[in-house]
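Trainee: This is what each chain is made of:
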Amino acid sequence: MARRRRQRPGPFDYSRKLSLQLVFVLATIFLYAPIIVLIIFSFNDSRRGGNVIWRGFTTDYYVKAANNASLIEAFTNSLTIAVISTIFSVILGAITAVVLWRWRFPLKPGFEGLVALPIVIPEICLGVAVAVFFSYFGLYVPPGTPWPFNLTNIIIAHITFSFPFAAMVIRTRLQSFNREMEEAAKDLGATEFQVFRDVILPHLKPGLIAGGLLAFTLSLDDFVITFFTSGPDTVTFPVKVYSMVRFSVTPEINAASTVLILITLVLTAIAMRYQSFGDDRQ
Amino acid sequence: MEDFRRSLRVFLAFFAPSFGWLALFFVAPLVIIFLYSVGETVSLTEVKTTWTFANYARLTEPEIVTLFVRSLWLAGISTVICLVVGYPVALVIATAPPRWKPWLLLIVILPFWTNLLIRTYALLNILGTRGRVNELFEWVWLQADGALRFVGLGEYQLLGEDYEPIVFLGRWSGVIIGLVYVHLPFTVLPIYAALERLERSYLEASLDLGAGQWRTFRSILLPMTLVGVITAAIITFIPMLGSYLTPALLGRGQVDMIANVIERQFKGANDWPFGAAMSLFLLYVTFIILALQAIVAMRRSRLQGRDHG
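Residue numbers (my numbering), protein chains in the order written: chain A, 1 to 282; chain B, 1001 to 1309.
Bound conformation, chain B alone (with noise of 0.2 Å):
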């Protein structure tokens, strides 16, 4: 790397434009938005800027406090399942002979390749009441209504008197879903990489030494991963955090996560200085999360360097 001052004019010629797009098209509307997060609607479209923690202060009205609670929860669950099924599978992946592995992975990636509305769209098709995943459910259920009867258990009805459809569409479980088939591809990827840098000698030393495959995995695999798992979650929570589509579609507005209340400021109740208070807090959370994954990275980094000095 050379000092920039030696050849400046070159240096200025490339840092110029992409300096400066950055500046007027990324940080201008920060600061536009900043600004309309302390301001005040004026007329339908204009905001003054009055320097008022009104809209910050609206963040803690009791609706604002359970949308960010619910959306914090969904996202957290779906991380989560998307960790416990991730998991795995990147475990299949990474010990896969080699000439399978970019086969399995691309399984997992291509999804992520597709556009997000078909996916969400296509997983809306198949959810509904009538859909092809409660056509499965009936018929499994149908299976063993018949097996009851067989047994000679049929007048009990055990199973209810006929197969009572699960709604998905319009709850959190259909928001969970929807939110977990979109993500989990994001999980699968950190955790696959971390487990391709493990030493491979350190499970054979504790196989060797008589721990079972379970205790392997909780006390070497786990942690010796864990930096890759913690990646694998925050990589999945923000995204999920903000999701927009996944709950707009699948919870039909009736699972609103925060990306969907703040849109509605923009375009239905036009109150752009709430909306700006909002996106700017969303903000901030993803900042403080991703400043928590650089603390503990460094705290692991400076511990590891300890171990092996």
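Same shape as in the complex, but just chain A (with noise of 0.2 Å):
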């Protein structure tokens, strides 16, 4: 009995099957091959069809790419939008969290569902909903407006579909608030906003922080929503690529795509090292 077990998997020992490791490793190659593939195509010193053949290194198209003022616009765009929605974000899901976690109100879940339903609606319907609104009360940006208020249509639907998600993320943080030490400090005559700001605000900082991310990366990511609501004059790094990558293929898009890949990396090594910090005071 006890040899036939031995040759036998146990339980749980999926992951020592081969033909299950062959399928994670075949997914694997899967989501990489593309991006890596990509990588080391922006070095490639090719100008005509720039993707095909391997013609020898070179850090050209990142010259090129750092030299195409439409393309460092649009780069500087998305930023900029990121940041500052990502500011908003930040401060209203924190509220949002705030409040689906301290008070029992009527038609709560009515709210609750509320919050939730710009993450589950398609994209496509908030993008064009949203264009929609802002024609319909007639807010174009004039054209002209200096950067970076020529954004804020954009900004204002980043911060719509975002905020909700930092929300979730802050609240789940809360959740693991001990409301005593709350009571303690109202006790020592704490006020409501010195509750706020030196017991509830400390606590919450990892969580802010992993929504902080979330809502900044989902911001950078977004193109359908950007799309819609981007003038001819605020174009962002999305919406400058497709209409790059849909006129002709450049190498430059490589090159500009590999840096941007780059943020991301950095940035996910951030919200690790934040995740696993929040996890150790907990």
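Calculated directly from the structure, the hints in this document are not laboratory data.
Straight-line Cα separation of at most 16 Å, EDC-like style, residue types lysine to aspartate or glutamate; simulated pairs:
no., chain 1, residue 1, chain 2, residue 2
1, A, K108, B, D1003
2, B, K1267, B, E1046
3, A, K64, A, D45
4, A, K186, A, D198
5, B, K1101, B, E1196
6, A, K108, B, E1002
Covered stretches of chain B (chain A as the covering partner; in silico rule of three or more C-beta atoms under 8 Å from a C-beta of chain A):
no., segment
7, 1008-1016
8, 1022-1029
9, 1088-1097
10, 1110-1116
11, 1258-1269
12, 1283-1297
Computed footprint of chain B on chain A; a stretch qualifies when at least three of its residues, placed anywhere within it, have a C-beta under 8 Å from a C-beta of chain B:
no., segment
13, 36-43
14, 95-103
15, 116-126
16, 222-230
17, 255-262
None of these values were measured; they are calculated from a predicted model. No residue lacks a Cβ here, since even glycine has one placed at the ideal position from N, Cα and C.
Assemble the dimeric complex from its two separately framed chains, guided by the hints.
Mentor: Spelled out as structure tokens, the structure:
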């Protein structure tokens, strides 16, 4: 009996099964190969049909991308939108999380559903709705509006879809908050505001950072909603790349994409550090 | 939790900005798009609400029905592929040694953090008829052809005269590959979460009582993680159904999905009321799917409650 059991895989030893390992490896290759090829070919020294044949190493296209004024402008716009909408998303998200965590009030499930709605509805619906909303009220950004105010419409749209995500992350963090701490602070004479600033906020910090990074990535990643709310002068990086890809494939896109992937990697590393930092303190 | 009346002013200070933002920038746009969907275009940019159902009636035109069926079909097939690939991947992560787990999870999540457009573009780069994938297939073809020649079957040209590149772009296959590629991480995570919660002693019992690995999978593992699988299916299917970028880039305008046609109503055809009706219809479909999931989840939790009680 004992021998037979040793030969058979144990109850939860699926990770040792070769066939399953093979699926995992193939899935990993499938997920990563396109991105790795893109990064490699961003260094390809080929002008014509840049992505087909390897013609030697060059960093020319990084220089070209850096000198492409409209690409850099789109890149700057994307980062600006992401930073501003992240700040608002974290504030609104924290407020929403506190509302849902602290109070009992009529129609609360309805409000909870409303907060979750922007997360579940298809992006195209939200993009269309927000674009129509702006045009209905004539809220066009007048041409010549100074930067970054010309990005207002896009930023509003981004806050709308990213703050509910931030609220969810922050709410999860709030659930581990010990309410006796709050009561102790109040007994010792702290005002509502002091309790929030000195007791609740420090506890929330990891949640705020995680929620903020999520909002930042969502904003940087968004194409569809921006595509509907952006004007001809307010192009973001994804929208710019989309128009470049549709007309021609240039190696500059590979170079610029590689830079954005790098930024994402750095952000993910930061997110992971804070995530484990938060766990340690629990 | 405390009653909102006990600290009404603080409550309102928190509630107002949160609700206000959603009311103004989320609910109001949806209301306006509803008004558009029952309206008519009167001039280039003006739409008048006439409470007509003509825009919804147009959804039954054969072209639009075909479009919806195609979108459901593409998203459905891709979801099934994601589940079939995602389950073993989640299983490997969930059963890996603890110190490996976070890294294996990271491998799956990392692409999800990478820009959607860049990922789709990366896929576009390698799927062309002269792209890397076809290059790889050609190499395999040449090896196979060489092997056939070696065993003396060369003159029959069993594999054809030359390697024919497979066309992915502008075909269903390309869009399906793209949808799977983009959404696979969404599928893995809920299944992984369900596997982590699993009571492992049931599996032990099943194996001890003589059931094989496959039987254990079929009658214990799969039923016990079914809720996770359903969640994964829904979380994968809904964004797939509303996909814009994947069909636009990999379908090259030849394999349109709902979102592409909606976009055209707003940016090209300038038929806003019809576009509004279509996007609301997509929204209703989403709600129906979510409602079905809620019902299934409620049924299951009630059943489980009965089991334990």
